[in-house]
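Line order of the protein sequences matches chains B and V.
Mapping the first sequence onto this note's numbering, position 120 (from 1) lands on 171, and the numbers just tick up by one.
Mapping the second sequence onto this note's numbering, position 222 (from 1) lands on 256, and the numbers just tick up by one.
Keep in mind that the hints are not guaranteed to be accurate.
[Claimed, not checked] Here are the simulated lysine-lysine pairs, BS3-like style, with alpha carbons at most 30 Å apart:
no. : chain 1 : residue 1 : chain 2 : residue 2
1   : B       : K215      : V       : K224
2   : V       : K266      : V       : K224
3   : V       : K140      : B       : K192
4   : V       : K171      : B       : K357
5   : V       : K171      : B       : K192
6   : B       : K437      : V       : K290
7   : B       : K357      : B       : K436
8   : B       : K330      : B       : K530
9   : B       : K357      : B       : K330
10  : B       : K202      : V       : K171
11  : V       : K171      : V       : K253
12  : B       : K540      : B       : K241
13  : V       : K171      : B       : K206
14  : B       : K206      : B       : K246
15  : B       : K246      : B       : K330
16  : B       : K436      : V       : K58
17  : V       : K317      : V       : K266
18  : B       : K436      : V       : K140
19  : B       : K482      : B       : K436
20  : B       : K202      : B       : K215
21  : V       : K140      : V       : K224
22  : V       : K58       : B       : K120
23  : B       : K515      : B       : K552
24  : B       : K357      : B       : K608
25  : B       : K540      : B       : K215
26  : B       : K436      : B       : K540
27  : V       : K58       : B       : K437
28  : V       : K224      : B       : K436
29  : B       : K626      : B       : K246
30  : B       : K540      : B       : K330
31  : B       : K515      : B       : K540
32  : B       : K156      : V       : K58
[To be verified] Which stretches of chain B does chain V cover? Using the computed rule of at least three CB atoms under 8 Å from a CB of chain V, they are:
no. : stretch
33  : 190 to 199
34  : 203 to 213
[As the list claims (entries may be wrong)] A partial selection of chain V residues facing chain B, derived with a Cβ cut-off under 8 Å:
no. : residue
35  : Y85
36  : E131
37  : F153
38  : D156
39  : L201
None of these hints come from the bench; they were simulated from the model.
Glycine included, each C-beta is placed from N, C-alpha and C at the ideal position.
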Amino acid sequence: MKILLCTLLAVTALSAQPTYEERRKVLIRYMADSPGPDPQRWGMSTLAAKLYLREDTARVSTRLSELLKEPSGDMFWMFVAAAVRQLGEGQLSPKALADLRHAWKTYFPYRGDTENHWLLYYASLYIASQNEPNAEWFTGKTSQQNMQEAKDYVKHWVNLTLAKGQGEYDCTHYIGVYLLPLAYLAGWSKDPELKQLSTMMLEYVAADMAHELLDGGIYVGSHARTDDVQVLEKYAGVSSNAAWLLYDLGPREKTPLQPHYMTFYALSSPWQPPAVLHKIATDRSKSYLVREKKRTRNRWRFHDDKHGPVYKTTYMTPRYAVSSDQGGVLQPIQQHSWDVTWRVDDPRGVHNTLFTTHPYSSAHELQTYFTPMPDYFLDEVLRSKKTYDSPDKWIGGSPYEQIIQDQDTVIALYDIPAGTRFPHIHGFFSKDLLQLKEDPSGWIFAQGGDTYLAYFPLAPYQWKQMANGGRELFSPHLKNGAIVQAADKSEFASFDDFQAKIRALPLKHSTAPTPQVDFTTLRGKRLQFTYGQSPISRTNWPMFDSPFLKQAPGSRKLELRHGNLRRVLDFDNLKILE
Amino acid sequence: MFALVFLAITSADYELWACGSITKGWTPGQNQNASGLHRRDAQGAWTHPGYDHPYINAIAADPRDPATLYLASGNGMIRARSNGTQWRIMTGWDMTEGNGVAADSKGNVYLALPDGIGFSPDRGNTWTRRETGLRRKYTQAIRVAKDETYLVAATESGVFRSTDQGLHWTQAGAPGEMTFDVVQSPHNPKHWVAVAQSGNAYQSLDAAVTWTTIAAVPKVHTLYNAAFDPQKPNRIVLGGWQTGVLLTEDGGTTWKSILPNAQVWRVTVHPATGAIYAYVHEKELLHSTDNGKSWTSAGLPGGVIRDLVFLQQVAQ
Chain B
52 MKILLCTLLA VTALSAQPTY EERRKVLIRY MADSPGPDPQ RWGMSTLAAK LYLREDTARV
112 STRLSELLKE PSGDMFWMFV AAAVRQLGEG QLSPKALADL RHAWKTYFPY RGDTENHWLL
172 YYASLYIASQ NEPNAEWFTG KTSQQNMQEA KDYVKHWVNL TLAKGQGEYD CTHYIGVYLL
232 PLAYLAGWSK DPELKQLSTM MLEYVAADMA HELLDGGIYV GSHARTDDVQ VLEKYAGVSS
292 NAAWLLYDLG PREKTPLQPH YMTFYALSSP WQPPAVLHKI ATDRSKSYLV REKKRTRNRW
352 RFHDDKHGPV YKTTYMTPRY AVSSDQGGVL QPIQQHSWDV TWRVDDPRGV HNTLFTTHPY
412 SSAHELQTYF TPMPDYFLDE VLRSKKTYDS PDKWIGGSPY EQIIQDQDTV IALYDIPAGT
472 RFPHIHGFFS KDLLQLKEDP SGWIFAQGGD TYLAYFPLAP YQWKQMANGG RELFSPHLKN
532 GAIVQAADKS EFASFDDFQA KIRALPLKHS TAPTPQVDFT TLRGKRLQFT YGQSPISRTN
592 WPMFDSPFLK QAPGSRKLEL RHGNLRRVLD FDNLKILE
Chain V
35 MFALVFLAIT SADYELWACG SITKGWTPGQ NQNASGLHRR DAQGAWTHPG YDHPYINAIA
95 ADPRDPATLY LASGNGMIRA RSNGTQWRIM TGWDMTEGNG VAADSKGNVY LALPDGIGFS
155 PDRGNTWTRR ETGLRRKYTQ AIRVAKDETY LVAATESGVF RSTDQGLHWT QAGAPGEMTF
215 DVVQSPHNPK HWVAVAQSGN AYQSLDAAVT WTTIAAVPKV HTLYNAAFDP QKPNRIVLGG
275 WQTGVLLTED GGTTWKSILP NAQVWRVTVH PATGAIYAYV HEKELLHSTD NGKSWTSAGL
335 PGGVIRDLVF LQQVAQ
């Protein structure tokens, strides 16, 4: 408690606008001090932070030898071990260094089954091998062979991402697991090409996040992966730590929520966002549209192409954001397809979001994206993703959901075959809604922060009280859908005025024979959407298109722009142009 | 006296190798000590050579050097020399999550991958892809025919066959079926059996060129693998989830359930004694010397064993 208090005071004591270096040091100090003075409570992360701070080096060496007796965690052990060796140069005792070399030889980390695992594995292996050019490795390869393989993988991943978009895109948690390995290579690699490539890719991933940060540092939108907590409490992700560290966004007096990944980022990289990126992340003076193209995770089975396209749309405003993908199962288990997220002054503990899902789980989904045998794998998934096979879950895509979006209007339609495991859809209505009213017109009106919300369910529903204080709109009808219109409170004379204007909007809808909607939005756009017949043309969808970021399909150049500021990440020539 | 000596030599010639994970009670983040490769000597004692590793999926011995094992693993293909003790990852970043592996006497190694088939002409030192003709690339198992003139692969879209060392593949059977295993008879090299996720079993009597459903196999749930008895031509076992173990002694005309309702990952037959070994999900390895009338424990409690292979004992 004393340590936590000290850290709190340290953060509070930061200047009104702490510099990147000040924020960076807060994270590192937190990591070094939070377990307390007893070395028996120090983990590898503590050791890394203390080595960075050049503190307690004798005790760090002793503790390292103890911790290396039984390594665990695969690539998550590797990145910590690589940092300890890098930061321990000239500080670790000969015995500790020998024990570390022995661990890299005798512990055999699993390489994992997804891109964040592979990037973490290879970046860590690269840095570890660079520091021990003559060591023996679990791989059975030389240090030079390890480094070449690692570099080849990183180049492959960069090329694939530039061509088809990121696979685990826009993750609230795993954003840290992309920033971290890129920071290692940008900060610690001695290979000029790899260093430059990683620095540019670090900026590319950071830019991807920057233009979808709601005021306050919340990463909005459809996400390849989020989790049961972060999907509701939008602030609770590693992404918020990243937004704080990189852009000083979020509550000033906050202590790190999940400091782990961003602390290692801070340990490794002095890279900080250029001015244009800082502007992009923090300027929410105007509303704007974002379109991005991403790709699915590796689809091992049931598809002819390993990577399917993901078309993402986000409408950013000063006070809320609306974001969606096209629907379907684009990622296993943790996908989040659409929502409205509104800003609040202090987002800690606030469920500032509204969305609907069809909770879906199946062996087919798991076999699409994973290789283990089908009959056991569900059980294995449930050991870490406990809600995957739950009818009450709020994350995961559904093959029976299709979505379109125009600015701040989303229409999600559902056509669920009879016999599907969870034959219902449900909508999340937060405990933090300021108002909630069911209207005889069929619309449900609500207010979150300074955002007015209108939700039109296409089929009958009932309310279920949730343990977290929210309400679940539960609808057991297989042909179903929802229309959501968001708007800024300031556009209307009153909440009643908002409701009247929504009621007046032209709307026709049906669920037979398939769900369909003919709706004219608050912004005057007529949307005619029938399940199976999206009216949105997705050909030539840009890799990035917003007022701040531009990357055309087929291009390997990302342009960052804000006001008169311009910056181009030119991956063809491996140069940054300003 | 002579018979006793003969029996003693033949049963002691073989060791049972297993690979998989010890998963019972495991939660993410915990070490999976003792997962990986396991070796059971003729006296029934298990050792755990090599490293702990959660995803070793298949084992093949090098025909020219049986002390060298090829392991299909989550990290790609691992070559484990000196009876599985000295490991080296032979593949690069571009081959991940190996499902199956096969090797021939010429030094060729084939790796069944979730996105195709890897081929090495030099015992794993260099690799290319050989998957032209596969309808879908997910490949679970791959076998080299005894005469080494053709290959057979179990894939997401059925059984495929290649007569040019994997350069080209053609659909042979079980179209559209996620097939998990394919095995060749040690008695009649033209006789093959394959099993599928649907619970179907298939056989070929013309060297894997054409395949028919084995109609008498009761379709219960996923079938994971098949094994021939190396001593008795008509004796075949199948293992599967909820199916347990199915046994035929008449070449597939009739089948009996000898370990009903069990969740069986892997089944095999001792090459000398004919004892049947079956791994039951997160329970243990069972073996039976009386056609399944009784089963006794053979160890490895609490796991998911993905491959069971009898190999001739190699001197240390």
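Checklist entry - Holds or violated: B/K202 with B/K215, Cα cutoff 30 Å? => result holds (20 Å)
Next on the checklist: For a C-alpha distance cap of 30 Å, please report whether V/K171 and V/K253 respect it.
Outcome noted: holds (26 Å)
Next on the checklist: Take the shortest C-beta to C-beta distance between V/Y85 and chain B; is it under 8 Å?
Outcome noted: Holds: closest Cβ of chain B sits about 4 Å from V/Y85, inside 8 Å.
Next on the checklist: Tell me if the straight-line CA distance from B/K540 to B/K330 falls inside 30 Å.
Outcome noted: Given that 30 Å is the threshold and the Cα spacing comes to 25 Å, the pair holds.
Checklist entry - Would the pair B/K206 and B/K246 pass a check requiring their Cα atoms to be no farther apart than 30 Å? => result Given pair B/K206, B/K246 holds - Cα atoms ~11 Å apart, limit 30 Å.
Checklist entry - Should the interface hint for V/F153 be scored as holding, given a Cβ-Cβ cut-off of 8 Å against chain B? => result violated (19 Å)
Checklist entry - Do the numbers back the hint for V/L201, that is, is its least Cβ distance to chain B under 8 Å? => result violated (21 Å)
Item to check | Pair hint V/K171 and B/K206, alpha-carbon separation not exceeding 30 Å | outcome: Holds. V/K171 to B/K206 sits at ~24 Å (cutoff 30 Å).
Checklist entry - Checking C-beta pairs, does the stretch 190 to 199 of chain B have three or more residues closer than 8 Å to chain V? => result holds (count 3)
Checklist entry - Is it true that the CA of B/K540 sits at most 30 Å from the CA of B/K215? => result Violated - the C-alpha atoms of B/K215 and B/K540 are around 38 Å apart, more than 30 Å.
Checklist entry - Between B/K515 and B/K540, does the CA-CA distance stay at or below 30 Å? => result holds (28 Å)
Checklist entry - Are the Cα positions of V/K140 and B/K192 separated by 30 Å at most? => result Distance of about 24 Å is within 30 Å: holds.
Hint check: violations occur at hints 1, 6, 8, 9, 12, 18, 25, 26, 28, 37, 38 and 39; the rest are consistent with the structure.
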